[in-house]
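The numbering of the sequence shown is the numbering used here, which starts it at 1 and goes up by one.
By construction, these hints were calculated from the structure, which means they are not laboratory data. Each hint should be verified, as a subset may be incorrect.
Unchecked claim - In silico DSBU-like cross-links for lysine-lysine, where the CA-CA straight-line distance does not exceed 30 Å: (1) LYS229 with LYS153; (2) LYS228 with LYS264; (3) LYS228 with LYS153; (4) LYS47 with LYS14; (5) LYS156 with LYS228; (6) LYS203 with LYS176; (7) LYS51 with LYS26; (8) LYS156 with LYS176; (9) LYS264 with LYS229; (10) LYS51 with LYS41; (11) LYS156 with LYS190; (12) LYS153 with LYS176.
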Amino acid sequence: MARARSPNRKLAEKIYLESNGTILLKQIAEQLGVSDSQIRKWKNQDKWDEKLNSNVTNGNSNVTKRKGAPKGNKNGVGHGAPKGNKNAKGNVGGGAPSQNTNAVKTGEYQTLWMDALTPEQQDVVARVNLEPLEQVNQSITLYSWREREIMFKIAKLEKGLTDKQRRVLQERVTIKEPVQVHDDKSGGTKTIVLSRDELVTTKIEETEYRAIEDILHLQEALTRVTDKKLRAVEMKHKLTIAKGPNDDEGGKSGLDQLAEVIAKSAAALQGDA
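Let the sequences and hints guide you as you build the complete structure.
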């Protein structure tokens, strides 16, 4: 006898179609109290996307018009939320509450809400020095540290360029050995062959290898880091000059030059990302 269909199956499909396919399967699963994989299985088996696409025709024809209830129909009267129900209070449009971070994944585009941070996080943000020249100095320090670390790795690899790699192959073999035993019947001795299994070394290989490929990769990384460091040094030089007085008549002020350099520097850093 076939098992009866779960009532949640049809309800899950209804929720998905009514959202025009915008709701996440995880959200449907949470609403119905089932697993994500179960919702995904129902979606594939019941072809939700095909049903969703069948409601809208191609761009050369009209959108399918769904029929509503006849004029004067009162079937829906009295089927709203109970009096005093506050399930939707404060949730305008069904969106997430203000400052909700449920959708944050990598944090790359996360909006910073100071009042949503912990005291420790607020302290870290407050200590960030936004002065452009100080930011450049920190970048130069970081790039210098990376250069040093990469050069240490290169030196370590270069010391082991002639290392030997040893490969030992062992196999289990059967060894037969002759053994002298006493024969009680004849009173003499006789030779019998006994067999035993033993793990023995059958092959040894030694090859010399050179870590040239790893060294080349590190040297390329060192070149990129050094290039970024030189750009940061150049930015620092421009910022230092821009902060000074401008002696040219009719030229830009030092503040205007500083703003221009900051804008160009930000664009250059984005190009490196």
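Checked hints:
Straight-line distance between C-alpha atoms of LYS229 and LYS153 comes to about 19 Å, which keeps the hinted pair within the 30 Å bound. At most 30 Å may separate the alpha-carbon atoms for a hinted pair to count; LYS228 and LYS264 meet this at roughly 15 Å. Restraint check for LYS228 and LYS153: satisfied, since their Cα atoms lie roughly 20 Å apart, inside the 30 Å limit. With a CA separation close to 12 Å, the supplied pair LYS47 and LYS14 stays within the 30 Å bound.
With a CA separation close to 24 Å, the supplied pair LYS156 and LYS228 stays within the 30 Å bound. A hinted pair counts as satisfied when its Cα atoms are at most 30 Å apart, and LYS203 with LYS176 qualifies at roughly 21 Å. For the hint pairing LYS51 with LYS26, the CA-to-CA distance comes to about 20 Å; that is within 30 Å, so the pair holds. Between LYS156 and LYS176, the direct Cα distance comes to roughly 50 Å. Violation of the 30 Å bound is thereby established for this hinted pair.
Restraint check for LYS264 and LYS229: the C-alpha separation of about 16 Å stays at or below 30 Å, so the hint holds. Distance restraint check for LYS51 and LYS41: the Cα-Cα separation of roughly 15 Å lies within the 30 Å cut-off, and the hinted pair is therefore satisfied. Between LYS156 and LYS190 the alpha-carbon distance is near 64 Å, which puts this suggested pair outside the 30 Å criterion. Between LYS153 and LYS176, the direct Cα distance comes to roughly 52 Å. Violation of the 30 Å bound is thereby established for this hinted pair.
Checked against the numbered hints above, the structure violates hints 8, 11, 12; every other hint is satisfied.
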